[in-house]
Every structure is written in structure tokens, then in C-alpha cells.
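Make the full structure from the sequences, and use the hints.
So the protein lines, in turn, are chains A and B. Residues 1 to 311 (the numbering used here) are what the first sequence spells out, left to right. Residues 312 to 622 (the numbering used here) are what the second sequence spells out, left to right.
If you're looking for bench data, these hints aren't it; they were derived computationally from the structure. Any given hint might turn out to be false.
Below, a list of computed lysine to aspartate or glutamate pairs in the EDC-like style, where the Cα atoms sit at most 16 Å apart [unchecked claim]: (1) 570(B) / 603(B); (2) 25(A) / 443(B); (3) 255(A) / 294(A); (4) 255(A) / 300(A); (5) 239(A) / 210(A); (6) 336(B) / 132(A).
2 protein chains.
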Amino acid sequence: MNQPAHSKVKRIEGVLSPVVTPFRKDYAPDAERFVKHCKWLLKSGCAGLAVFGTNSEANSMSVAEKRQLLEALVAGGVPAASLMPGTGHCALSDSIEMTRAAVELGCGGVLMLPPFYYKGVSDEGLYRTFAEVIERVGDERLQLYLYHIPPVAQVGITLGLIERLLKKYPASIAGVKDSSGDWNNTKAMLDAFAKSGFDVFAGSEVFLLDNMRGGGKGCITATGNINPGPIDQVYRNWKTADADKLQAGITATRKIVQKQPMIPALKAAIAHFGNDPQWTTCRPPLIELTGDQEKQLISELKAAGFSMPGL
Amino acid sequence: MNQPAHSKVKRIEGVLSPVVTPFRKDYAPDAERFVKHCKWLLKSGCAGLAVFGTNSEANSMSVAEKRQLLEALVAGGVPAASLMPGTGHCALSDSIEMTRAAVELGCGGVLMLPPFYYKGVSDEGLYRTFAEVIERVGDERLQLYLYHIPPVAQVGITLGLIERLLKKYPASIAGVKDSSGDWNNTKAMLDAFAKSGFDVFAGSEVFLLDNMRGGGKGCITATGNINPGPIDQVYRNWKTADADKLQAGITATRKIVQKQPMIPALKAAIAHFGNDPQWTTCRPPLIELTGDQEKQLISELKAAGFSMPGL
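So this is what it looks like as C-alpha cells:
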């Protein structure tokens with residue numbers, strides 16, 4: 001497959017939330033609550049929705065469950081162009097199926113983990129993985145964002161791998177989410193590739209301002225689930241004199257949340273501020289916050305003046 | 312669900328091979344070669360087949376692909392009672408589906424990885440995972456072996472978790488494969504649980520003799536794919552005066568193989584000694600050996616007098 005040098009597709013920029021997934025008491029995915037939360041996020045500051053990310057417990061769900069949720073979103077009126085679902089699995093066949101489903105639904109992009117079971121794999125093996133997905137999906141609408149999150153996946157995306165993929169598939173390789181937590185790595189990606197139309201998203205709002213100043217396109221961040229408005233304000237005002245002050249505000253909120261295990265903490269906040277206790281359920285192997293953790297989280301958020309308007 | 316104190320099922324004991332999976336040039340699983348290799352293993356020393364293990368590239372395949380291969384084995388005449396397929400996935404729903412399929416086909420057991428995407432998860436979360444699978448499958452034929460392989464999965468099975476699961480599900484929790492590579496851990500599992508009908512399998516034949524002497528039931532080992540006969544001789548003769556000498560022989564063969572990346576090395580050996588080059592294909596992210604690696608492997612095996620009779 002030979003690709004044109006650039007894609008003609010308008011790409012998502014700004015703040016994206018890796019949307020947490022609501023479950024029922026029996027751990028079944030809850031499409032109704034999911035659609036409702038996605039709509040709240042889009043009206044509250046999110047430019048896009050990175051559904052099925054790490055914070056979505058995506059890897060705790062089957063491909064079939066995720067396809068059903070994705071279809072429910074589109075059927076429920078969430079614009080497909082705003083969606084950047086996670087489609088990377090350990091199994092090549094699952095990654096192909098999920099990526100194809102996302103493209104066929106018209107999703108604005110996909111965010112793809114490398115296969116993460118085998119550790120210490122070669123860049124050649126990872127190149128073959130991404131190349132195989134691109135070739136098999138074989139659709140020029142595909143906008144593939146690489147997902148670099150070595151603290152969890154343990155398998156990362158090197159600069160050399162990006163360079164090789166960009167050279168072969170310039171119209172499909174759209175960018176990266178860098179969740180390394182290492183600003184030097186994000187900066188290296190920006191310096192090497194931002195000018196060639198490769199969109200770098202910080203994996204946490206803590207680096208949002210730095211990322212925008214370095215030529216990045218926004219952030220995809222866990223706390224986007226509960227604090228999208230103020231994070232979006234940093235994105236919108238990054239060139240203004242207020243930017244550093246706005247950044248300090250969202251960083252402070254993040255610090256409260258990340259004192260607790262992140263995913264159950266986000267769910268606890270939505271449950272509390274949305275007055276909907278069912279939201280606290282996590283699918284095994286994750287578990288809900290303890291009573292004490294939840295109490296600390298909510299009281300600290302309230303003390304900081306935090307709110308979720310319109311939830 | 313309340314369980315009787317013990318299972319009435321006759322369990323697999325001896326040498327099991329985590330069977331490598333053959334792929335075609337287009338990376339599709341090759342059921343024909345798979346059935347053939349499984350039959351060779353059973354006639355060559357393996358008491359059972361731990362298909363869909365780490366060495367099987369199981370996590371590089373979808374649930375649907377694995378179900379098809381499992382059905383092909385049974386249809387092809389491989390006794391279901393000899394099968395101990397891997398059924399643990401990141402997604403709870405995938406683990407339930409695969410475990411249920413294995414039990415319904417009459418498999419002798421299942422070997423279950425913990426969910427391995429999220430790191431640092433609690434024993435409570437892992438307990439809920441295994442309990443949910445056992446309850447949802449809800450079949451008294453289920454013989455569940457826990458798969459402890461922290462070097463790859465990064466998420467392990469603690470003694471406390473085993474104790475809690477054994478107490479609640481004594482008829483379903485059948486044993487463990489310990490691939491920690493740490494004999495002290497295997498010994499701790501033997502000392503704590505072997506007497507209560509919990510079958511401990513060493514994850515490498517290097518520990519086979521020690522495991523038998525400690526009250527274990529055999530081993531489930533990568534090199535069982537190519538050297539099942541001599542490994543089985545250690546199992547059969549562990550009480551004899553020859554045992555240490557036999558053990559030294561299989562340990563020496565293992566050391567030759569593990570100089571190379573294990574999975575492509577096993578496939579290269581099968582390709583060479585079975586005169587079937589297509590066997591070398593690995594599914595991404597794994598890749599085949601380089602020419603030099605393959606040359607070294609085969610020449611060292613030949614120099615050691617290694618053979619695969621009847622392949």
C-alpha cells in the first residue's frame with residue numbers, strides 16, 4: 001500500500017477524555033450511562049472522546065462489548081468524528097477487528113496500544129503489528145494514534161518505530177498519546193515529528209501547557225472525565241498571560257485525584273457529583289475505593305471548590 | 312455456590328507441553344499442523360497439552376481463533392481429557408467465554424492467567440476475577456489451574472490468593488503452574504497446599520525433579536514441544552537412582568534452546584527436524600529467529616545428539 005504524503009482529514013485537537021466505562025452491578029457495560037457521560041463531556045470542554053483507553057477499563061472488556069458500546073454512542077447522537085477509541089489489543093486479530101469497526105463507524109481516529117503481553121519485543125515485531133493493522137483495514141480514513149504508556153503496558157513506542165511507520169504510512173499515522181510521564185520523551189517526540197504533521201498529545205494535563213508551547217495538539221487525560229472545563233481553558237488560552245495560572249489550577253485538582261487509585265477515584269467523583277452511586281462499580285481486577293479513600297477524595301475536592309456543572 | 316471439599320475428577324499428571332501454534336504465511340492459525348503436532352506430542356511423552364499458553368502465542372490470538380483451534384483438536388481425535396487450554400485474558404468476559412468453551416468440550420482442565428494489563432492490582436481484585444469465572448461457568452467439571460508467570464504477566468498469584476480461592480472453591484481450584492523461575496516460590500506452594508490436593512506443576516523442566524521430590528505433579532514446559540520423551544523419562548523415573556543423571560540431560564538441552572528467544576527457537580527446531588519451513592512463522596509482535604540464531608540452535612542441538620523421533 002502506497003500512501004499520499006498527507007491525510008486530508010481534519011483531525012481532533014484539544015482536550016480528550018479517556019472516558020471511564022460505567023458497569024452495572026453484574027459488571028455488564030452500561031450503555032445508557034456511557035452515552036450520557038460522553039454527551040456531558042462534549043458539552044463541558046472535551047473536543048474528543050478517547051473511549052476505551054486505560055482509564056476506561058478497556059482491556060477488561062471483550063471486543064464485542066466495546067463494539068456494542070461504540071455503536072450505542074453513535075446511535076445515541078455522539079458525533080463519530082469526535083471519537084478516538086482505543087483499538088490496540090494483545091491479539092493482532094482483535095486489533096484489526098476493532099480498528100476496522102471504528103473506521104467503518106466514521107470515528108475521527110483510533111488510539112492504539114502496542115501488543116503488551118510479551119515483554120522485550122523488537123521494534124520490528126511492533127512495526128509488523130501496526131503495519132498489518134493498517135494494511136488489513138485498508139481504509140484511507142484511518143487516523144492512527146500510537147499509544148505510549150510504558151508504566152502500564154510495559155511495551156513502549158520508540159522514536160525509531162514512529163519514524164519508520166511515518167515514512168511508510170504518512171497518511172494513516174496521525175500522532176501519539178505520550179503517557180510515559182516523562183516530559184523529556186514528549187519533547188523528543190515533538191522535536192522530531194510535530195513539524196511533519198504528527199500530532200502529539202500529552203497523556204496528562206500536567207504537561208498540557210508545555211505540550212502546546214512545544215507544538216503539540218492538546219492532551220488526553222484521565223481527569224478530563226471530571227474536570228474538562230478548566231482543562232479546556234488551558235488549551236484555549238495557552239498563548240495568554242493567564243496560561244500559567246490556569247495550568248496551576250488544573251494541576252492542583254489532578255494532585256488531589258491522583259492521591260487515590262485513579263480509575264475508581266474518577267468513578268467515585270462522578271457517582272458523588274452526579275448523585276448516581278452505581279457509577280462506583282469497577283470490573284475486576286479493579287476494585288472501588290474504600291470508604292476512607294472516597295471520603296478523603298470528595299472532601300478535598302470540595303475544599304478546593306471543585307464542581308461538575310451540569311452533570 | 313457451595314462446593315464439595317474435593318473434586319472427583321481424575322486430574323492430568325506428568326509432562327505437559329504449552330503447545331506452540333503454527334501460523335500460515337498470512338498469520339492465520341493453521342489447524343492442520345496444530346492437530347498433527349499435538350498428536351506427536353501425546354505419543355512422544357506428553358501426558359497433557361497446555362495449549363494456548365505463553366509459548367503458544369495465545370495472547371496474540373482472539374477468543375474466536377482459539378475456540379476454533381480447540382474444536383479442531385477434539386474433532387481431529389485429540390482426547391479432550393488431555394487438554395489444559397489457557398483461558399485467562401485481560402477481559403473478564405473473554406476469560407468466562409473461553410473457560411466455558413473448554414469445559415463444554417470436556418477439557419481436563421484450564422490454565423488461567425490473571426488479568427495482566429493493570430499492574431499492582433489487589434488480591435481482592437484478582438480473587439473477584441477468578442471467583443466470577445468459576446461462578447459464571449458454574450460447572451462442576453471445571454478444573455482450574457492458576458498460572459503464575461510474573462516475568463511476563465507482571466501480575467502474580469500470591470499464596471494468600473490461593474488459600475482464599477481453595478477455601479471457597481476446593482473442587483474447582485486444581486493447582487498451579489509456577490513459571491516464576493524461583494524454586495523457593497514453588498517450594499512454598501508445595502509446602503502450603505500440595506497436601507490438600509492442590510497440584511503444583513513446575514513451569515520449567517529444570518525444576519522437574521525437585522518438584523516431584525517436593526510433592527508436585529509434573530511440569531508444563533516450553534521445551535516439552537521438542538523434547539517430550541526425555542522429559543517424560545525424568546517424570547517416570549524420579550524415584551530411581553538414575554533420576555539426577557536424567558535430569559542433567561534435559562537441563563542441558565534446555566540450556567541450548569534458551570540461548571535463543573524461546574518461542575521462535577521452538578518453532579525453528581520443529582521446522583528443521585520436521586522438515587517443514589512454514590513452522591518458523593510467528594505472529595507479530597514476535598518474529599522468527601535470524602539466520603545466525605537458527606544456525607547456532609540447530610548445530611548445537613545436533614552436536615548434543617538431539618532428535619525428534621517420529622516427527
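- request: Would you pick out the hints that fail for this structure and give their numbers low to high?
  value: none
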